[in-house]
Amino acid sequence: MTFLSNSALFGAQKGGWAESFRMPLVVVLSFAIIITIIAWSVAPQLFTTYSPVVGVPADKLLGPSTAHWFGTDHLGRDLYARVVYGTASSVSSALVAVVIGVLAGGLIGLLAGFLGGWVDVVLARLVDVLLSIPKFLLAVIVVTAIGFETINAAIATGVSAVAIFARVTRAEVIKTRQATFVEASFLSGGSHWYILWRHVLPNASRSVLPLAVLQFGESILVIASLAFLGYGDPPPASDWGLLISIGKDYLKWPWLVYAPAFITILTVLSVNRISRWLRKTD
Amino acid sequence: MASQDRLSAALIRAITVAPAPQPATPLLRVDGLSVSYGRQDVVHDVGFELGRGKSIALIGESGSGKSTIARAVLRLLPNGAAASGTVQFEGQNLLALPERRFRPLRGRQIGFVPQDPGNALNPVRTIGAQAMEAAALTDEPNAAVRKALILETFAQVGLDNPQRVFDSYPHQLSGGMLQRVLIGLAVLPRPALLVADEPTSALDVTIQKRILDLLSRLQQNLDISLLLITHDLAIAAERTDGLVVLKNGSVQEAGPTSAVFSSPASAYARKLHADVPALNPDRYAKLRDPRLRQHESGQAPKIEVSAVTKTFAVDGKVLTAVDDVSFTVPAGTTHALVGESGSGKTTTIRLLLGLDEPDSGQISVAGERVSGRSQQSLRSIWRHLQLVYQNPFTSLDPTWTVESLVREPLDRFRIGTPTERSEQVREALANVGLGEQLLIRKPGALSGGQRQRVAIARSLVLKPDVVVLDEPTSALDVSVQADIVEVLLTLQARLGLTYIFVSHDLALVRQLAHTVSVMRRGSVVEQGSVADIFENPQHAYTASLLESIPSGISATRPLVQPKQRRLSRQEQIA
Amino acid sequence: MNNAYLTYAAKRLGQAVVVILLAYVFTFVVVSILPGDPITSVLRNPQNGFSEEEIAEIIAAQGLDKPIIVQLWHSLSGFLVGDLGMSMRSNRPVSTLIAEVLPSTLILASVGLAVAMILAMLVAYGTRFVPKRYGQGLLRGFPSLFLSVPNFVIGLVLIHLFGFQLGLFRVINPDSFWATLFAAIALGIPISAQIAEVLIANLDKEAEQEYATVARSRGLGQARLFARHLLKPASLPVVTVIALTIGELLGGSLITETVFGRTGIGSLVQRSVSTQDLPVLQAIVSLGAVVFVLVNLIADLLYPLLDPRVKILGGQKRRPTTADETSIGPSKAVTP
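Going down the list, the protein sequences come from chains A, B and C.
For what it's worth, the working numbering labels the leading residue of the first sequence as 1, then goes sequentially.
For what it's worth, the working numbering labels the leading residue of the second sequence as 283, then goes sequentially.
For what it's worth, the working numbering labels the leading residue of the third sequence as 857, then goes sequentially.
Everything labelled a hint here was simulated from the structure, so no lab data went into it.
Because the structure is a prediction, the values reported are computed rather than measured.
Note that the Cβ used here is the ideal one computed from N, Cα and C, for glycine as well.
Be aware that one or more of the hints could be misleading.
Unchecked claim - Residues of chain B placed beyond 10 Å of chain C at every Cβ, according to the derived structure:
1. P380
2. I392
3. S540
4. V769
Said to hold, decoys possible - Quick list of in silico lysine-lysine cross-link-like pairs, DSSO-like style, CA-CA up to 30 Å:
5. A:K175 with C:K1088
6. C:K988 with A:K175
7. B:K724 with A:K280
Just chain A, with the same shape it has in the complex:
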């Protein structure tokens, strides 16, 4: 009996503040990871004393240890430092990609869904065209056309995401436009543009937000893939995808692949978990 009431008490406490936001533990953990990642990208020098560029040749290819958490690479550079310093460009480029996707796709979807008619027909075809080109190939040709740089890889990733956002926004706008409360606002004297701005947009964006978060994780992966193929900034930049790409030539020292891969996976997994939670809580 004592045991039972104790465990009940413990359960209540553990729920505590997180439950007041109705946030499961995994989501709290995910937010903690994302906050750490953001901190890495804002102030990498606070998290490591090693240089990401200059190595100690004598210490090359050391395994993970307390001195070098993720080991060292073929030039004796601390891999953890390389990962931490590579965060800013990996994360901010994903952000750029999402912003491009949300803004361009959202605008297309909004206009197509709200105006309807021939605007919708034309924009829907445009979106079909964007969808028809395999996403990764699309990103590759765009980055080929505008040049191999991480920022261009981000733009290319953003362009390849436009279609998805356009499609989802359009569907949401059409759904919202047919909602009873939109007609109710019309009867209350609201004009079309007022309704678009005050009713349709806020409601449609409620489901675009989780998608944007999801796309953030997806963009990290796509940009990493582009970097892996060498379409991002060249070394000594240390984008996560580039680190893994360098590591693949040293598979005898697998931490060179596993450490940056682990951080990438952890980040994307956290982002996806948050997106799922947003979608559920709405």
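Got chain A sorted already, so can you dock chains B and C onto it with the hints?
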């Protein structure tokens, strides 16, 4: 009942439950049943008994736990629900049986008729394929005989073309037909107990009666015990031997129907009785009647609809939604549009509001023509003509607060100064009985009744002359409905409002309307004063609508049907 | 095969043709108009060692001195009759270059798709039979985990574990059975995660439907409920999801071929990107679009015949909502 006898002969009772129960043992005995989802209790300590061949109704409003009890008896609770207590069926506790031993009872001994027939059959399999599952429970070895049994059963439940039904997919049949199929499949293995969970609440009024008649007939002919779950006191009183009144998961009152119905002991049962429109036709007479007398003197009508017709093109076919409809409404009175789904009542009010253009005919409100106007000039009409929607769960923007929702019409029509608007919002909310603490809430944090009050406040904040009420209570519980009706009639008496009241619920219409138009398939079949129509219906359809209303216990005087929840789309198609 | 279906089919076919043509134009515009002028920058790159005469010759041969519209017309009309032009680097027809590497990629992609489908079914259907305490959570976690792993990492891990540690295959011999199989697994896993995610969601949704409860009330056990009632409605919508993953398959093979050192369309793209061989890129991207559009066209035409819930009204496909609805894009996005 010749087919009935052949059917019975062919059926083999597969399971005999040993040991043979004492004659005195009831078929079903529920004791101390509690069900919880996680930390939330939905049913506490419920107990009742159901004898062989008898029927009992579990009555309650939403959240009363009535459906949960039914599912606990069937052991079909969703994952995460925990049930305690005992459910004794022929002497054995169902809750304690291992799944392996309980499963043979399902279907064979305990049949189930679900609430929404449109969703209760697998959409990608034919009805026949699913019927064969039920027929397999009879243990008849010959597949051809099993199929013949199915076709006989379909005929027995009133399906005209059993073979066609057998070959159909569910979406090809109407809701009423699907419910017949489901009832047929449930009784086919001849269970001892039938659990029916709101079997008619998704159907139209006239079909409702036929399905209930069918259930009662089968129950008596086949000697099945019936556990009926319903929100409808009048239906329960008319069709069952015992009543169990539930609220928030607890039994409020239980006993023989006659006792509970005619002299309810608990406060909740009394309130439930008082709130059912069918049982209290004169409840609002004081609020309603004086206005009618004032206007018998006669002035220009507030609303005039003359010879309005509207057609739609659907899939290349022309559908006449509204056919030559005319009516007038004197100022300060309530005119009801009554009809089943597909009768054209919703289209009529959309025309009245100028949301659709009629093909021909004229509509005027307060002397101003509605039809043929530009959007800009419609705005000036909406200043005085407002609508309350059927479903408060969809008519309020979920991202807005109550304050901004009620204030929106004032802002849009630029009425008064911002400070005056804030005051008017508070006044409008006070009028519908809502306090200021709700101002900052969003619709998601309100109950259904509160939402509909917000919707009414929003319509009335402009101080309109005419309010169109589109089934304003059909999504709400009966006690909430009574509150809302009271609010509406009080406001009408105070502000002299003119109402158009759309409903399928004749009992409710009798309580609050002055005049009525009965609609069917787009046309008005009969119109006049409420008293005339109800006492002396001229048209056969009106009479059948009145007849299809449950009359409560036969000993009491004729009762009228209370509300139903939803109208099924299938019925419209059919 | 009624009239409504034929109208719908004709309309979809017309749309497909329009989309393919527009996709070609779009690709052309991207590779020729965007800033940077990759053509002359490559040609004038001293490393490539073209003389001015050679440059002029190439420009004339490719028609690069003509106005852009003329170039587009020339290129598009060639594409329509199956002429994909000449490579700018190797002076061979693009179609020959593609034909040389296509079989390898087709093998990789089809084995990859098979792996993806089998794995997805095992995982998703497994969630119906593996009890909660014996690792159902593990199966349910599969999609979200593998949607978060870059697909080149999967390839590297497989090479590290099975190539280096267990010695099952060697990267030097990329066309061996084991190397091909593991390349296909690396390609298939992320795609199986997408399919499994939709399948699991559909199964969960169907299991919660009233008809599943009613079927259980007729005494059906877990296995028969799954086989007779859940399997078909949950799996049918996946036809369209699989069609949408064709794009992923093409994009993924680009990376997988690099990781496993295979020759194929992917490596051809890689080479053409690094040499800025635009006619080859134009051809591959357009063919990718053609494949994608055709596969999705077939899926869209097939689906109404498979699923009795779908009704075709006014030349459009309509269906009561199921878990996947409109918007599983070719990405991993499953919209709420």
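Hints versus structure:
no. : hint                : in the structure
1   : P380                : 13 Å, holds
2   : I392                : 8 Å, violated
3   : S540                : 31 Å, holds
4   : V769                : 35 Å, holds
5   : A:K175 with C:K1088 : 28 Å, holds
6   : C:K988 with A:K175  : 37 Å, violated
7   : B:K724 with A:K280  : 18 Å, holds
Comparing the model with each earlier hint shows violations of hints 2 and 6; every other hint is respected.
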